[in-house]
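Which chain is which? The protein sequence lines are A and B, in order.
Residue numbering for the first sequence follows the working numbering, starting at 1 and increasing by one per position.
Residue numbering for the second sequence follows the working numbering, starting at 1001 and increasing by one per position.
I should point out that these hints are in silico values taken from the structure, not numbers from a laboratory.
Any given hint could turn out to be false.
Unchecked claim - Computed spacing ranges between beta-carbons, pair by pair:
(1) Met185(A) / Asn1144(B): 50 to 58 Å
(2) Glu114(A) / Asp1005(B): 28 to 36 Å
(3) Glu1047(B) / Gly91(A): 34 to 42 Å
(4) Ser261(A) / Arg1308(B): 38 to 46 Å
(5) Gly1205(B) / Val168(A): 50 to 58 Å
(6) Gly1205(B) / Leu244(A): 49 to 57 Å
Unchecked claim - Straight line, CA to CA, 30 Å or less: simulated DSSO-like cross-link-like pairs of lysine-lysine:
(7) Lys156(A) / Lys248(A)
(8) Lys1167(B) / Lys248(A)
(9) Lys1050(B) / Lys248(A)
None of these values were measured; they are calculated from a predicted model.
Glycine included, every Cβ here is placed at the ideal spot set by N, Cα and C.
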Amino acid sequence: MYVIGELINGMFSNVKKAIQDKDGQVIQDLAKAQADAGATALDVNVGPATRDAVWGLLWLVENIRKVSDIPVAIDNAKWDIMKEVIPQVPGDKIINSSKADEDLLDKYVPLAAENNAALIALTIDQSGVPNDVDRRVEMAATILTKCAEHGLDMDKLFIDPIILPVNVAGQQAMNVLRSLEQMKMLSDPAPHFLLGLSNLSQNCANRSLINRTYLAMARGAGLDAAILDPLDTELMDVAITTDLLCGKAIYCDSFLEAARSK
Amino acid sequence: MAVPDTKEKWTGKVNTLTLGATSEQGGTRTSTVTIGGVGCLPSLEFEGPKGNRPAIAVEVWDGDGEAMPAPLRQVYGDSLKNVADWAKKAVEFGAEMICLKLQGTHPDAGDRSAEQACDDVKAVLGAVGVPLIVWGSGVNDKDNEVLPRCCQAASGENCLFGSITEKNYRTLVAACLADKHKLLAESPLDINIAKQVNILASDVGFALEDLVVFPTTASLGYGLEYVYSIMERGRLAALTGDKLLQQPVLCNIGFEAWRAKEARGTDEEVPGFGPAEKRGPLWEAATATNLFQAGADIFVMRHPEAIRMVSESLDEYYGPKGS
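Just chain A, with the same shape it has in the complex (with noise of 0.2 Å):
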C-alpha cells in the first residue's frame, strides 16, 4: 500500500526543536529512517515551528533530498503557502491537501495538474467535517468532477474521506468504511483513497492497536493509502499483510521480509 510516512511534522518537539535550531540531521536521519521503514512518501508538517512557513518547508525538503528522491507531501492548510512552495519542490511532490469546496479545487487540482504533483483532496468543506455516508460520496464526485475538467490523472489523486477520534465520534469509523466503498464505484479507474490514520487514536489508549485494527478493515473497504507512523512495526507488518491479502503482492513464507527488502 501507499504509505505516507508522518514524522517529519513541526507538532513534534524534535522536529520543531530541528527547525528552530536549523539541524539538518534530524531531519535526514527521519527521513531515512521512514523510508528504511517502508513509507513511499514523506509528510512534511511544519507546525508551530516558525512564522515563516514557506521557508520552513522547504527547509525540510531541502534536507530529505539530501537523503531520499522519495515523493514528499507538503502539508499545510493555507493556499498562498501552497502556491508558492509546490512549484520549488524538486522531485515527485504531493499536495497536501484541498478541501472539496468547487472554488478551492479550481485552485489546488491546475496547481497540482501544472506541477505535476499529485493532490491529497479532504471530503469536507466549509461546512464541516461530514456526519453521514451521503455527503462524503457527494464531495467525492464533486472533487472527481473537478479532477477530470482539469485533467488531473487519477494515479495522482487521493482522496480522504477524513476519520475523527473514536474517543470523540464513534460512528464515524463506520462511516468513512461505507463511504470507501461507495466512492470506489464513482470512477473507473478509480483513484487511490487515503486516511489520516493516527488521527483516529487521537488521545486513545493502545493508539497502535487501534491504529492497525482499522487500518486492517480500512482496507478490506477499498482503502490503499495511509498518512501514518512508518516506524510503529506492528503497524507495517498489518499494512504489508494486507497487501496479500488485497491480492496485491504474491504470498511466500518470508512476505513480511520479502516486503521489507524493497
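Given chain A, put chain B in place with the hints provided.
Then chain B, alone, in the frame of chain A:
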C-alpha cells in the same frame, strides 16, 4: 468526451542479465547472450519496452545420448557419444547457449564423479564459443559435491548454474558468488516458492539481478496451461514492481516435450498421429512458442527443426537476429 486510455502503466520490468564472458570480460566465450529487460506482456509492446529476444539453449548430456528418442538420435547421430561433439552439433543447429545437463552424475544413472563432471564442463567450453548453462542431477548431496567443483572449473566464464531450491541453496550460492556465475532458482510450479527461493538466495548475499527463475515446465497437453498461468502471474507481479519476481525465466522445453507420447511415440505405437519426424519437432516448437507468450526468456531445446520454427517466430516479433 475523450476516449479513455486503457493502456496499463507498468511500474517494473524484468532484470536484464548477460551470460557468458568474452576474453575482454575475463572469459573465453566468442559470444554472449543478454536476456530480460521486458516491461510489458508479450505482444503488448505499446505498454512498455519489449526487452531482449529470448535465447535458445540446446541440451547436451554428460552420458548416454542413446536414451534420446529416435527422431533426435537420427539428427544428432554419432555426436551423442561425447559432450564436445554433441555441443558442436547443437551450435550448428542454432544453439545460442549450451545447456550441459550433468545427469550422468546422478547416483542411479552412472554416478560420474566431480572430476569427470569438471572434464565435461571444460570439454564443452573448449569445443564451442557460446555461453554455458550447467545443470546438476537434482540429487542434493551429489550436486553439492559436483557443482562447486564445476563452478571453479568454469571460473570467469559467467555461466548459469542450476539449480537451487528452497531446501538446497547455500552451497551453490556460495560457489557461484566465489566464481562469479549466475544462478538458476527452481520451484515446483509454485509462485510462492519461486519468490521464497529468491529471497533465500538474496538473504545469503546473492544479487537478485543475477538470478534466473526456473518455475518448472510442462509440455503441450501435459499441464502447459498451468505453467502458463504460473509464469503469467509471476510476470504480472514483476511488471507491477515485485523485485523478488523480476528475474528472467527459463523453460525446459525439450525435456518436457519429448516426454509426451505425441512427440516420442513411434508410428507403430501411435498410428494416426502422423509421421514421427514431424510430430516431435512440432510438439517441441508449440510448447516453446506458447510459453514465449507467458514470458519465457530462455528455451532449453533439442530438435533442430523445432529450433528453426521457434527462431522464425521470434524473428517475426523481434526482427531477424542481429538486426
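Here's how the hints hold up against the structure:
1. Met185(A) / Asn1144(B): 50 to 58 Å: For asparagine 1144(B) against methionine 185(A), whose Cβ atoms are near 56 Å apart, the range 50 to 58 Å holds.
2. Glu114(A) / Asp1005(B): 28 to 36 Å: 20 Å, violated
3. Glu1047(B) / Gly91(A): 34 to 42 Å: Given about 25 Å between the Cβ atoms, the range is violated.
4. Ser261(A) / Arg1308(B): 38 to 46 Å: Roughly 42 Å apart at Cβ, these two residues keep to the hinted range, so it holds.
5. Gly1205(B) / Val168(A): 50 to 58 Å: Since glycine 1205(B) and valine 168(A) have Cβ atoms about 51 Å apart, the given range 50 to 58 Å holds.
6. Gly1205(B) / Leu244(A): 49 to 57 Å: Taking Cβ atoms as reference, glycine 1205(B) and leucine 244(A) lie about 26 Å apart, which means the hint is violated.
7. Lys156(A) / Lys248(A): Holds, at roughly 19 Å.
8. Lys1167(B) / Lys248(A): Distance ~27 Å between lysine 1167(B) and lysine 248(A) Cα, so the pair holds.
9. Lys1050(B) / Lys248(A): Holds, at roughly 24 Å.
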